[in-house]
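Engineer: So you can see what is in the structure, the chains are spelled out below.
Number of protein chains: 2
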Amino acid sequence: MKHNSYFDGKVQSLALAEKEGPTTIGVIEPGAFTFSTSSEERMTLISGSMKVRLPGSEWKLFVAGEGFVVASGASFDVEAKEDVAYICRYR
Amino acid sequence: MKHNSYFDGKVQSLALAEKEGPTTIGVIEPGAFTFSTSSEERMTLISGSMKVRLPGSEWKLFVAGEGFVVASGASFDVEAKEDVAYICRYR
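Protein sequences appear in the order of chains L and A. When we follow the working numbering, the leftmost residue of the first sequence carries the number 5, and every step to the right adds one. When we follow the working numbering, the leftmost residue of the second sequence carries the number 5, and every step to the right adds one.
Everything labelled a hint here was simulated from the structure, so no lab data went into it. Just so you know, not all the hints are guaranteed correct.
[As the list claims (entries may be wrong)] Derived PhoX-like pairs: lysine-lysine, alpha-carbon spacing no greater than 20 Å straight-line: (1) A:64 / A:85; (2) L:6 / A:55; (3) L:14 / A:6.
Kindly produce the complete structure, drawing on both the sequences and the hints.
Structural biologist: Here you go:
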């Protein structure tokens, strides 16, 4: 199983296979991070909440159960004030 | 962030803090595993499905969105035929 660690370990994820394609689940610790995409990403929050700034958009708060889609080749910013768990589907 | 690896890496988890207490998210690869609890565990499947045998119960299939509670000091068996993602709350 692939274990990924980013930003000095403040963001970590585990890879799994879903029938529809590759997926990760992960945890984001408190902080501000910028992620870049190399494929379309469909992210859903499982626990916690964080602010997200999608390309061309204003900051918006997302809570557990909510999610967003980011196109391939883009970048987006997040700001977490608590631990956030997420599932991210690469499609 | 604490990263845990069990069963030769076939089960891995990441720890996070929720307001209500400690939590992990994790992935279970295909296989049969027996887990022991040292506190009450409330487990919910996020992705995939697996059979679970709780103490004193028969095997039962759980799918994403479903979950179960295991008392402290118990053990339970799982059998996964696909990757399973879960969230486990220790309360």
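Engineer: Now, for every hint given, state plainly whether the structure supports it.
Structural biologist: For each hint, the structure was consulted:
1. A:64 / A:85: holds (14 Å)
2. L:6 / A:55: violated (24 Å)
3. L:14 / A:6: holds (10 Å)
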